[in-house]
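Keeping their order, the protein sequence lines are chains E and S.
In terms of numbering that gives the first Met the number 0, the first sequence is numbered consecutively and its last residue is 562.
In terms of numbering that gives the first Met the number 0, the second sequence is numbered consecutively and its last residue is 562.
Check before you lean on any hint, since a few could be wrong.
Repeated chains share a single entry, so a pair holds when one copy, or any two copies, can fit it.
Lysine-lysine pairs mimicking BS3-like chemistry, simulated, CA-CA at most 27 Å apart [said to hold, decoys possible]: (1) K556 to K62; (2) K125 to K508; (3) K67 to K463; (4) K11 to K125; (5) K417 to K18; (6) K62 to K463; (7) K4 to K431; (8) K480 to K125; (9) K170 to K125; (10) K263 to K323; (11) K8 to K476; (12) K341 to K391.
The hints are simulated quantities; they were obtained by calculation from the structure and are not laboratory data.
Protein chains: 2
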Amino acid sequence: MKYSKLFGKTVKEVSQEIKLVSHKLLYQAGFIRESVAGRYYFLPLGIKVRDNIVRIVEDEMDKAGGQKMITPVLHPIELWEETNRTNSVGFELMSIEDQRGARFALGGTAEEMMVDLVRKFNVSYKDLPFNIYQFSQKFRDELRARGGLLRVREFLMKDAYSFHATEEDFKDEYQKMWNTYSAIFSRVGLDTVPIESDNGYIGGDYCHEFVVESEVGESRYLMTEDKSYAAHEEVAEFKLEDMNSDEKQLPLEVKDAPRGPTIKDGVKLYDQPAWRQIKTIVYVADEDEKILASLRGDLDINEVKLKHVLKCDQLRPATEEEIKKLGSIVGFVSPLKLKIRKIGDPSLKTVVNFYTGADEHQKDTLNVNYERDFTVDILADIALPPEGCKTKDGKKLIEGRGIEVGNIFQLGTHYSSKMSGAMFTDQDGKEKPFYMGCYGIGVGRTMATVVEVHSDENGIIWPKSITPYQVHLISIKGAEKEADDLYEKLQEAGISVLYDDRDERPGSKFKDADLIGIPLRIVISTRTLEGKNVEWKERNLAESKNVKIDNLVDNIKKFYELS
Amino acid sequence: MKYSKLFGKTVKEVSQEIKLVSHKLLYQAGFIRESVAGRYYFLPLGIKVRDNIVRIVEDEMDKAGGQKMITPVLHPIELWEETNRTNSVGFELMSIEDQRGARFALGGTAEEMMVDLVRKFNVSYKDLPFNIYQFSQKFRDELRARGGLLRVREFLMKDAYSFHATEEDFKDEYQKMWNTYSAIFSRVGLDTVPIESDNGYIGGDYCHEFVVESEVGESRYLMTEDKSYAAHEEVAEFKLEDMNSDEKQLPLEVKDAPRGPTIKDGVKLYDQPAWRQIKTIVYVADEDEKILASLRGDLDINEVKLKHVLKCDQLRPATEEEIKKLGSIVGFVSPLKLKIRKIGDPSLKTVVNFYTGADEHQKDTLNVNYERDFTVDILADIALPPEGCKTKDGKKLIEGRGIEVGNIFQLGTHYSSKMSGAMFTDQDGKEKPFYMGCYGIGVGRTMATVVEVHSDENGIIWPKSITPYQVHLISIKGAEKEADDLYEKLQEAGISVLYDDRDERPGSKFKDADLIGIPLRIVISTRTLEGKNVEWKERNLAESKNVKIDNLVDNIKKFYELS
Chain E
0 MKYSKLFGKT VKEVSQEIKL VSHKLLYQAG FIRESVAGRY YFLPLGIKVR DNIVRIVEDE
60 MDKAGGQKMI TPVLHPIELW EETNRTNSVG FELMSIEDQR GARFALGGTA EEMMVDLVRK
120 FNVSYKDLPF NIYQFSQKFR DELRARGGLL RVREFLMKDA YSFHATEEDF KDEYQKMWNT
180 YSAIFSRVGL DTVPIESDNG YIGGDYCHEF VVESEVGESR YLMTEDKSYA AHEEVAEFKL
240 EDMNSDEKQL PLEVKDAPRG PTIKDGVKLY DQPAWRQIKT IVYVADEDEK ILASLRGDLD
300 INEVKLKHVL KCDQLRPATE EEIKKLGSIV GFVSPLKLKI RKIGDPSLKT VVNFYTGADE
360 HQKDTLNVNY ERDFTVDILA DIALPPEGCK TKDGKKLIEG RGIEVGNIFQ LGTHYSSKMS
420 GAMFTDQDGK EKPFYMGCYG IGVGRTMATV VEVHSDENGI IWPKSITPYQ VHLISIKGAE
480 KEADDLYEKL QEAGISVLYD DRDERPGSKF KDADLIGIPL RIVISTRTLE GKNVEWKERN
540 LAESKNVKID NLVDNIKKFY ELS
Chain S
0 MKYSKLFGKT VKEVSQEIKL VSHKLLYQAG FIRESVAGRY YFLPLGIKVR DNIVRIVEDE
60 MDKAGGQKMI TPVLHPIELW EETNRTNSVG FELMSIEDQR GARFALGGTA EEMMVDLVRK
120 FNVSYKDLPF NIYQFSQKFR DELRARGGLL RVREFLMKDA YSFHATEEDF KDEYQKMWNT
180 YSAIFSRVGL DTVPIESDNG YIGGDYCHEF VVESEVGESR YLMTEDKSYA AHEEVAEFKL
240 EDMNSDEKQL PLEVKDAPRG PTIKDGVKLY DQPAWRQIKT IVYVADEDEK ILASLRGDLD
300 INEVKLKHVL KCDQLRPATE EEIKKLGSIV GFVSPLKLKI RKIGDPSLKT VVNFYTGADE
360 HQKDTLNVNY ERDFTVDILA DIALPPEGCK TKDGKKLIEG RGIEVGNIFQ LGTHYSSKMS
420 GAMFTDQDGK EKPFYMGCYG IGVGRTMATV VEVHSDENGI IWPKSITPYQ VHLISIKGAE
480 KEADDLYEKL QEAGISVLYD DRDERPGSKF KDADLIGIPL RIVISTRTLE GKNVEWKERN
540 LAESKNVKID NLVDNIKKFY ELS
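Isolated chain E (complex conformation):
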């Protein structure tokens, strides 16, 4: 490709509003352009990288036995109603009506579409398992889009769905997809950590995010140094230490407590550590159920865990007014008196003689002990892991931050049991619901993450596997003819070349080459021609060297490991 005719050249100025490195570089180097916030054009350079990623994903999915196919973008809304996801999805679903009055969801994920397709066939256990996947445009009606490709409103996603006769068979597939994902990300130049995470709007019992460590990521997780345990902060489990098990239980006592409503206010008044208190929050779940959640005062409630325990879709803290109506008061709510459903964290069992509010303004109850003085309806882990916490077997947990580039989900019969007829005929002649899993990769986000990881102050440094072109050829004044010839020669040898044939200053051409980030830059000038050389410069090395023109093709093939 001659750069003079390439559509989408480099841009000098960048708006101050562009913050993320990947956004800035992909924009400036001519890979992407915004249409409106969260919706991007992929320019000719950008689509080449995206296609390369797609090819790698496709190759690894096929190797793992995946079968590519595609669903329509518009999903009949009735299917989403069948699984009740029109109410519960975590992203706003976009929907549209056609002129005949049929309503459709714009594809967000495609579980319903795939199950609906599969149930149109008479599937026997002999046909199982299969894993069908697609690359298709997905839509999320996000209120806020981040700059660039990291969080968008429309994007290409590889989404795969596997169908099994048994859980055991599914587990093999889950492991296979785990390995496939590691292989895919490694091929595109990313180190990923699979972390346990929340299944959100997808459903099912467990899932893993594939995360690339990055300061700009939105996923916060905890991990042991040896990476044997890694989990999203929303689901991470940690060890609860007994705080004062040698203390004796003292009798209950209610007394005046001239303090403010916070845990800190209590610490100040009693001059005791935060763990001495019970933290209690009243929530309103789904339609209107009031529930009470309690845990040790030094810990924070993890609303994701709490929602799972409650099996609810919506959750919000109660208002002052609502708490008053229940017969308590903000800052002095206790798990002792209120007659609503109570959820307690196991940390309530790690302290002897808690103090807590007495459900009256500025009155506290002292020496409160779990089981002796109160119990809860459900005792379950609802805590966010605190700083410095350890795994259940005592290993140190380090906090990490990263970008989620893919995820794999166990679905079990979550969809197949809700959608009628989503059954196969088993060996015994009986109809059974499919056991399922699903597996997603955001292609654009993967591309942006590569740039976050592989770039320097001058621009992008593409991994060889996904570079838009293999060679960035630059001609310097006086060597135009030789550059033209070399351009032809390299292409004839099957090497893809971006050829900067413009009549521009060398400095400006070099700058553009660094910005665009092709791994190998070849410069040809009257000076290099004197020694029948070209200048060979690898994007990730500071030094350049001379290479004989006659050996160039071989060297490039070696560099790219082409046969």
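Take the given structure of chain E and dock chain S to it, following the hints.
For chain S alone, kept in the frame of chain E given last:
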């Protein structure tokens, strides 16, 4: 791929409602499945064919200098308003609002999106020309969808847009795309005829449809035997013969006419051929303009041509009531009296002494002559070509019917002049609007057309270039192990294989193979093994032959012209 594990196997029964051959076969053989009317899943076999077509289109577009990219699916509606296409598009545009209140069109075609993108750059004449294209999902809110992939509500389209500094440069590109399209369709196994056609909702001055002759096509066209002239019936030009130029003009005469309102009624009353009459129809254009269209009585009005002449978006015949209000009456309207804008067809000049209505019930005017007795505001071709008509230079025109698989459009400055800032800086430093063209191919429709053309009573016969697999391997009981080995061996040689490894009757496997339509079927059985052979059967030949297993790979490579 082992057929036992393929998702989307053949189907025995077909609904009576499935009429089109391509619909029936693609459904039955497991290439596509309907989601809801007009929206299709492409199953694993189907996506392979579609991908093969995509690859061929991409290859030829790239060879012609096209640059692939992609736009978002959701187009800001403001762009379509800028060109006034929210009102004038020929298909119903689907639109959707996001939760922040922004409205978007679901991409139908992408002229506005591409122009909007290009105007974000500072384009100089040096950057021109370029041709940018994409493969993306398109939406049409059709009231009626046909069965299968021929007319759908959602489909993958290759749409290309070229930007030029001058009309001359565009003309070169138009010819290049013409050749590219011929090459693409020829490679996928289709003979196309480029026919002049109406530009419909796209705009511009001229365009060509690439049509594959077929009884089930929706395009009707006229063509000379040597194909030197071919045009859609909506735009076809034809020779007007003088009917009675030797007659003398007689004086005007109004007389009672006890006849009905049709041309036939006139023929009956006067016992004269239809061409003796003037056919006049009152239309209502756009908001509320009444116009009068007249032509020779043996011809019919071509509303597409008429809309172009009027440069209007909407056109409908006036009601009885509206005609009365104007001071005339249905069946007796003439171009002589009414004081509204008049459009006349040149056929009005081919008859001496017409008769026509006298704008009163059962009164006619005789001996009406164009120019002597009336003229029109616009004299322009507004006639449908009649049966047996000839080209302007006297060649016979044959009527044809076919499927439109692609089209190429001159756009000129139709979009760039309407969208502000759609300019480039020319050599003289002045800003000028882009001169444009656009070029579309429906990928799914192309696939269905191939099936319409390449199939027999037993199933599909895929052209080698787009077959989902190169070999359909069938094992017969007793030769399973050898078949497994051969499957591995062929794949290692880089040959793609669909391997029917099921424990089924040979007859049923052969039937499925014929239905699926892979060009080459290889059968291995204990009988063929006796001579160290396999059975080689080409899908389009009746006879099979034996081929030595040892020579099989070479033979297959020769068959597919693989190196």
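A quick look at each hint next to the structure:
1. K556 to K62: both (25 Å within a copy, 23 Å between copies)
2. K125 to K508: between (60 Å within a copy, 16 Å between copies)
3. K67 to K463: Both: 25 Å inside a copy, 21 Å across copies.
4. K11 to K125: between (60 Å within a copy, 18 Å between copies)
5. K417 to K18: neither (44 Å within a copy, 34 Å between copies)
6. K62 to K463: The answer is both: 21 Å in one copy and 24 Å across copies each meet 27 Å.
7. K4 to K431: between (59 Å within a copy, 19 Å between copies)
8. K480 to K125: For K480 and K125, only the inter-copy Cα distance (19 Å) is at most 27 Å; the intra-copy one is 64 Å.
9. K170 to K125: within (18 Å within a copy, 58 Å between copies)
10. K263 to K323: within (22 Å within a copy, 88 Å between copies)
11. K8 to K476: within (20 Å within a copy, 62 Å between copies)
12. K341 to K391: Within one copy only: 25 Å inside a chain, 90 Å across chains, cut-off 27 Å.
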